[in-house]
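Engineer: Knowing the structure of chain A, use the given hints to seat chain B with the ligand on it.
Just so you know, the sequences run in chain order A and B.
Counting in the working numbering, the first sequence runs from 1 upward without gaps.
Counting in the working numbering, the second sequence runs from 1 upward without gaps.
All the given hints hold, so there is nothing to weed out.
Here chain A is said to cover these stretches of chain B; the calculated rule only asks that three of the stretch's residues, wherever they fall, bring their Cβ under 8 Å from a Cβ of chain A: (1) 62 to 73; (2) 129 to 140.
Only pairs whose alpha carbons sit at most 20 Å apart, straight line, appear in this in silico PhoX-like list of lysine-lysine: (3) B:Lys38 <-> B:Lys55; (4) B:Lys38 <-> B:Lys58; (5) A:Lys89 <-> A:Lys51; (6) B:Lys55 <-> A:Lys84; (7) B:Lys38 <-> A:Lys84; (8) B:Lys46 <-> B:Lys58.
Derived from the structure by calculation, the hints contain no laboratory data.
The beta carbon of each residue, even a glycine, is placed where N, CA and C say it ideally should be.
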Amino acid sequence: MLLIHCPYCEEERPEIEFANAGEAHIARPSDMDGLSDQAFEEFFFIRSNPKGLHYERWRHIHGCARFFNALRDTVTDRFVATYKTGEPKPDIAAEGKDQ
Amino acid sequence: MADQLQRAHPLSGRLVSNAGVTVEPAPEAPRMILRAGKSALPALSKALGVKLPTKPKKSANGNGRIAIWLGPDEWLVIDLQSGDPAADCAAVKVLHSAVDVSHRNTAIIVSGTHSAAVINGGCPLDLSLDAFPAGAATRTVFGKAEIILLRETEDRFRIECWRSFSDYVFGFLEAAAVDTDG
Ligand SMILES: [Zn+2]
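Isolated chain A (complex conformation) (with noise of 0.2 Å):
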């Protein structure tokens, strides 16, 4: 079983605790009604769906209960970082050197 390292708990938990919420670090326009429908395309619908490394939103569902973010790799199934929410992206070049 593959563990997660979640931020709050401060330890690695089993997977089967977690849950992925999708993408992270999209922000919700400020000005919804003022967007075009285009817009609000590329903010809804449209993601970077990486292979390889990405930013993606976790949430430890059965344990501590909260959302954080986590550096994966969509191809080895690798986490590379997991940080709180509202902390800044880990920087992928100087995460990726001790690989």
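Structural biologist: Quick look at chain B with the ligand alone, frame taken from chain A:
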């Protein structure tokens, strides 16, 4: 003429007992889910008579109550002496949310030398004494049910689960306990 309605314990009469483990329902107990920010904790701890733990996987005892850290702003408080923790919190003026969940939850006591192995039949957590010593507690999973697991002593655990899941959880423990007989 109507008789007074009695709330039946969902696990009434259930028992597993063999050489390695005993699985039995815990008595009814008042319970509360508490949500509060850091600045509210001293006042709430004082009102409850138990110091709310602030570290992951920790529990605390006091005033006949157990307080379990569930998340950075969330606790489960179990009262073992028929008190009313939610009422005690109502007297506190700082911002918080106290929800009585006494009848949503029920609890199962698993005790005996093989209790950790039986729980690991359905729970993926590391229950070695280094990782999960006496006093450790957390929300986790048991089979398909969410539980809150508390290690009261080295060989005694309390499993809190939703009342409607309790038949499933108890049956799962019963099946896992077969291997510990003898
Ligand atoms: Zn957590």
